[in-house]
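Asker: The primary structure of each chain is shown beneath.
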Amino acid sequence: MTVKIRFFARFRELLGTDIVTEVVPGTMFTSLITTTARKNPAGYAAIFDEKGAFHEFVILMKNGKRIELTDAAKTPVVDGDEIAVFPPVAGG
Amino acid sequence: MTVKIRFFARFRELLGTDIVTEVVPGTMFTSLITTTARKNPAGYAAIFDEKGAFHEFVILMKNGKRIELTDAAKTPVVDGDEIAVFPPVAGG
Amino acid sequence: MIAIQTADVDIGALIAAAKKQGTGAVVVFDGVVRDDDITEMELEAYEEVAVQELEKIAGEATRQFGLLHVDIIHRIGRLTVGENILIIVVSAGHRPEAYSGSRYIIEEIKRGVPIWKKELTKDGGRWVPGEHGHGSGKSR
Amino acid sequence: MIAIQTADVDIGALIAAAKKQGTGAVVVFDGVVRDDDITEMELEAYEEVAVQELEKIAGEATRQFGLLHVDIIHRIGRLTVGENILIIVVSAGHRPEAYSGSRYIIEEIKRGVPIWKKELTKDGGRWVPGEHGHGSGKSR
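Protein chains in written order, with our numbering: chain A, 1 to 92; chain B, 93 to 184; chain C, 185 to 324; chain D, 325 to 464.
The hints are simulated quantities; they were obtained by calculation from the structure and are not laboratory data.
Possibly wrong hints are sitting among the right ones.
Unchecked claim - Restricting the straight-line Cα-Cα distance to at most 25 Å, the calculated cross-link-like pairs of lysine-lysine (DSS-like) are:
| no. | chain 1 | residue 1 | chain 2 | residue 2 |
| --- | --- | --- | --- | --- |
| 1 | C | LYS204 | B | LYS154 |
| 2 | A | LYS62 | D | LYS380 |
| 3 | C | LYS240 | C | LYS204 |
| 4 | A | LYS62 | D | LYS434 |
Just chain A, same shape as in the assembly (with noise of 0.2 Å):
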């Protein structure tokens, strides 16, 4: 099955965007975005902490809606989902 990941900002220009991947079933949110995170250590330090854990300011998003950071680790990613990954908002 396969998944996009959107980086954007800081996160996009160290690790790209619109990264469409395999991924096998029961794959976490936590552990797609961290394999593909490894890629790039300037891009993996950005959103994670020296313990593996997301940096409390990192926002995720499946499919447009909020998932926090505590349930990402548990919450399963399925065929066709649009994945984002961000730093603090600001616009305007």
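Once you've looked at the hints, dock chains B, C and D against the given chain A.
Answerer: Relative to chain A, chains B, C and D alone:
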């Protein structure tokens, strides 16, 4: 000596405006307006109460500066003065 | 630009001109003739004094809120429903100052600038009562 | 009109269109690229979600403040100093609602709409930190 009296809004409709009038030296603000307003009973009633005192909402100016109603009876007018008499403002 | 005039203004052009160096926020207030069962509105001002008062208010707003630019255009004469009565354009470095400065200006105008409005209706007309029982800035 | 777009808009035309029946006050907020020693600003949005959020904010402002009309246009792409970033036009019967509704909208946008700004300088660029540590409206 001559002074100019300017009424505005409702007072203007009842009494006219830009009234240039001859006054004798020593004429006080209140007596000048009283005399002028007497030309039209409705105009007089708009500015003065039944005891002949200014309605508390009336605003007086002399050469663009506010004169308190309580000071008007003892404030003389002098040659060339521009006197303004108007109801509460409603701009904006 | 501080003015009492019959002519309308081009708000887009005022906004463009308000973008002085350092501007991060422009706030425009546009007071409009509301359709309160009226045919037209007739506005009257004690012009010389009203312009002086508007200039004083603009200066005070500039000082108090650090505004970079202020326009106040108050129209007089006969206006129909939907027409602009009063246009206030302010610019500032940041939005709190722009909003607060704009609001300060309109409240001060309502409070103390010698301008009057008469609503013309099918049956005649009525003078709009001021929002403040007294009202000329001179005694502040 | 609620939009995320690269093109600028004609604010004068938006004001004219905002004068719905019953309008007595129109308030415009125009957020502008400020000259903070930058050459340009680059704006990026999670567009589909941002538009949904703006629509939600406009609806909530309309309900809460009885607004008669709301436009929110947030620009993205590369903008130079002085250019419009965000234009909010609201109309209401009276000024308190128009000011409060406009302010509510900008504060909510700052708080939770997925848009980011990068200031481009001679030495490179810096992402503008959000005003709110967290920031996407979904968890409100």
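Asker: Now, for every hint given, state plainly whether the structure supports it.
Answerer: Checked hints:
{"no.": "1", "hint": "C/LYS204 - B/LYS154", "verdict": "38 Å, violated"}
{"no.": "2", "hint": "A/LYS62 - D/LYS380", "verdict": "18 Å, holds"}
{"no.": "3", "hint": "C/LYS240 - C/LYS204", "verdict": "21 Å, holds"}
{"no.": "4", "hint": "A/LYS62 - D/LYS434", "verdict": "21 Å, holds"}
In terms of the numbered hints stated before, the structure departs from hint 1 and from no other.
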